[in-house]
Amino acid sequence: MMELIECKNLCKNYKDKSALKDVNVTFEKGKIYGLIGRNGAGKTTLLSIMSAQNPASGGSITVDGEAVWENPNALKKICFSRELNVSQTSSNGLGAMKVKEYLKIASIYYPLWDKDMAKKLVNEFELDVNKKMGALSKGMLSMVTIVVALASKAPYTFLDEPVAGLDVIMREYFYKLLVEEYSETGRTFIISTHIIEEASPMFEEVVMIKNGTLILKENTEELIASAFHVNGKAEDVDAATEGLSKYHEEIIGRSKGVTVFLKNGEKIKEGYDVTVQPVNLQQIFVALCGMGA
Amino acid sequence: MNRFKYWINVSLKDLSIIVLGSIAYALFMSIVDEDPMSLIGFSKIMVYFFSIIWFFFSFITSVTRFVLLTNVAISMGETRKNVALGIHLYNLTQFIFAFLILNIVAFITDYSAIKLVTVLTSIPATYLFSCGVGLIIYSNSKTDITTKSVPATILMFVAIIVIFSSCFLTGIANLSSGELFPEGSIVPTVATCIIAALGILAYFIGTILTRKRLCKYEACL
Amino acid sequence: MNEILTQEKSIYIQISEMIENDILRDIILEEERVPSTNELAKLYSINPATAAKGINILVDTGILYKKRGIGMFVSKGAKKKIMETRKEQFFDNYIKTLLSEAESLGITKEELIKMIEEKDN
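Protein chains in written order, with numbering that gives the first Met the number 0: chain A, 0 to 292; chain B, 0 to 220; chain C, 0 to 120.
Think of the hints as simulated: they come from the structure by calculation, not from any bench. It is possible that part of the hints are untrue.
Once the Cα atoms are required to be at most 27 Å apart in a straight line, the calculated BS3-like pairs of lysine-lysine come out as [what the hints assert, rightly or not]:
1) A:Lys97 with B:Lys12
2) A:Lys232 with C:Lys8
3) A:Lys99 with B:Lys12
4) C:Lys65 with A:Lys30
5) A:Lys20 with B:Lys12
6) A:Lys97 with B:Lys211
7) A:Lys75 with A:Lys118
8) B:Lys211 with A:Lys7
9) A:Lys30 with C:Lys118
10) A:Lys75 with B:Lys211
11) B:Lys80 with A:Lys152
12) A:Lys262 with A:Lys30
13) C:Lys8 with C:Lys65
14) C:Lys8 with A:Lys266
15) A:Lys28 with C:Lys78
16) A:Lys245 with C:Lys8
17) C:Lys65 with A:Lys175
18) A:Lys255 with C:Lys95
19) C:Lys78 with C:Lys52
20) A:Lys266 with C:Lys95
21) A:Lys28 with A:Lys16
22) A:Lys266 with C:Lys65
23) C:Lys95 with A:Lys268
24) B:Lys12 with A:Lys131
One side only, chain A facing chain B, incomplete, derived with CB under 7 Å [said to hold, decoys possible]:
25) Thr61
26) Glu69
27) Pro71
28) Leu74
29) Ile77
30) Ile104
31) Ile107
32) Tyr108
Idealized CB from N, CA, C, for every residue including glycine.
One chain only, chain A, in its complex shape (with noise of 0.2 Å):
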C-alpha cells in the first residue's frame, strides 16, 4: 500500500468564486513540503479540505489509500495546526479558554500525543499555560500552534503560516526544531508560509498554488537550479533566451531583465553580452505569481 496523500480533482466552490479548481497532487510519506502561494490563493483551503475540517465540492482524498471524510483511522494520522486568529479566538469562545485547556483537548484528540515534548516546547517558549487564548500575542499563538503541530507526533502534519508573529530568532529556532523532529522521526510535513526564502532550504520539494490552481511540484534543489535570470541590452536579452520559458520581464530603458526555466537540455546562449545569475525560490515566487506575472 502506497503511503501517501492523494488529491485528485480537487475542487473548492463557495457562492461567489472557486476556491480550487481541478487540484492533482500527491504528497508522498516521508517529505518536507513547501505550500506556497499569495494570500487566497487557495493553500489553506487546501490543507483545511485534506485534514477534513472542510468538505471538497468535488474530487478526492485519500491517506495511505482510504478516504479522508468522517474516516477516524485517516484523520488520526493527520494534524492541522493552522493560524489562530486572535480576532477570531475572542468572537468564538476561544479566547475564554486557557492555554492549558487547549492543549489538553490536544492531548485528547492526538493519539500519538507526545506528553513530555509539549512540556519541553511550552518551557522553551516559556509560555504561560493558565493564560486565556484571547490574551495572547501573535506570536504565542503561533508557538501554541506549533507546540500542538511537533507534540502531535502525527505522520503527516500540516502547518499553515507556523511562524506568523515570531521574530527572526524565534524563527530560527523553529526551523531546527523542525529539522531535528524530521531527522528523527521522518514524518511527513507540509507547510505554507509567506517567508519563503528563509524556509526555502527546509523544503525537499516545494508546491506553488496560483488562483486555486497547482501551477508546479518539485524538487526545491532542481527547481532552483533550474532558474536564472538574465539581463543586460534587451536585444542581447531577447537573443540568448530565445525559445526559453521566460517570466516576469522588466525594462527599464535599454537595459532588460527576465528570468527563465531551463528544461531538459535547454541552455542559454552563449556569445552575447548578458550577465546570468542564479535565482532563489523567492524570486521564482515572485517571477511566476507576481503582478502581472
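Following the hints, position chains B and C against chain A.
Same frame as chain A, but now just chains B and C:
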C-alpha cells in the same frame, strides 16, 4: 482521558451554574411559605423567575460551549458523528444530574415534598425543551449564537417567550396554593407533561438539524 | 563548518565544499569522522536530504568513505586529492573571469603580470 469522557466532564463543570441557581431557589422556597398575593409570596415568584433566567443563561452557555468544542474538536481531527454524540452526552449529563440534584434538594428541604417535586420537575422538563431549541439554534450558527442569522435570532426570542410561559404555567400554578387552580387540580401536572413532550419533540428536531448542519460544517478556528 | 550559506550555488554543493575547506584547513583530519547528515541539517537548518546529497558527492569522489553503523570518515590522501582537483579547476574558477574582466577594462596581459609581481613587494 477518553474523548467522550471529556464532553461529560465539561457538562459537569457547566452544571454548577444551573445547580447553584436552582438550589438557591429551592432553599428559598422551602423557608418561606406564603400566599402568592402577599408581598413575600410575590417575591417568591420573582425569585422563581430569576432562577429561570439564570438557568436560561446556562443554556446559552451550553450552546456556546457546543460551538466552541465542535470547532476545536473538528480542527483536531474529530469526526462530525462523534461530535454529535458528544453533544448528546453533554445534554444527557446535564439533564440527569440536574434532575437528581434538584429532587434530592426537594426531599431534604421537605417543603410539601410532592408539590416541590412537581415544581422542580418542571425545571428539567423546561430545560429539555430549551436544549432542543438550543440545538436548533446551534445548527444554524457558525461561531456563536449572537449571530447575524435572522432565523437564529427569531428562534431565540421564541425560546425566551416559551420558556417563560411554560415556567409561569407550571410554576405559578403550583405556587398559588389554591388561588389560581383548586387544590389537587391536574392542571399543573398536565402543563408539565405538555412541556416535557414539547421538549422531547424540540430535542428530536434539534438533533436532526444538527446532524445536517455538521455534515457541511467548516471548522473556523 | 560554520560558513554561511549563500544563494550563489546549490546548497548541497556548498555543503560539500565546506567540508572540503575544513579538510584543507586541517579542521577535520584524515581518518576522522565528519558530522552526520542529521547533524549538518540541524546546524544549517536545511533538509537532511540536501545534506546527504552534499556528502554523497564527496563519497563519489573518494574524499569520504562510509563506516557502516558509525558514520562518514575522511579518506586517506583526501587533502591532496582536493588540492589537485581545485588546482585543475583554478583556471576555470578564477583565471577565466579575471581575463574576461581585464579584457573588458582594456588591461593588457603585461599590465596584469606587472600587477601580480607588484603584489609581492
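So, going through the hints one by one against the coordinates:
no. : hint                  : result
1   : A:Lys97 with B:Lys12  : holds, 15 Å
2   : A:Lys232 with C:Lys8  : holds, 25 Å
3   : A:Lys99 with B:Lys12  : holds, 16 Å
4   : C:Lys65 with A:Lys30  : holds, 24 Å
5   : A:Lys20 with B:Lys12  : violated, 45 Å
6   : A:Lys97 with B:Lys211 : violated, 31 Å
7   : A:Lys75 with A:Lys118 : holds, 21 Å
8   : B:Lys211 with A:Lys7  : holds, 26 Å
9   : A:Lys30 with C:Lys118 : violated, 51 Å
10  : A:Lys75 with B:Lys211 : holds, 24 Å
11  : B:Lys80 with A:Lys152 : holds, 24 Å
12  : A:Lys262 with A:Lys30 : holds, 24 Å
13  : C:Lys8 with C:Lys65   : holds, 26 Å
14  : C:Lys8 with A:Lys266  : holds, 18 Å
15  : A:Lys28 with C:Lys78  : violated, 39 Å
16  : A:Lys245 with C:Lys8  : holds, 21 Å
17  : C:Lys65 with A:Lys175 : holds, 26 Å
18  : A:Lys255 with C:Lys95 : holds, 26 Å
19  : C:Lys78 with C:Lys52  : holds, 20 Å
20  : A:Lys266 with C:Lys95 : holds, 20 Å
21  : A:Lys28 with A:Lys16  : violated, 32 Å
22  : A:Lys266 with C:Lys65 : violated, 36 Å
23  : C:Lys95 with A:Lys268 : holds, 19 Å
24  : B:Lys12 with A:Lys131 : holds, 18 Å
25  : Thr61                 : violated, 16 Å
26  : Glu69                 : holds, 5 Å
27  : Pro71                 : holds, 6 Å
28  : Leu74                 : holds, 4 Å
29  : Ile77                 : holds, 6 Å
30  : Ile104                : holds, 6 Å
31  : Ile107                : holds, 5 Å
32  : Tyr108                : holds, 4 Å
Going through the hint list in order, the structure does not satisfy hints 5, 6, 9, 15, 21, 22, 25.
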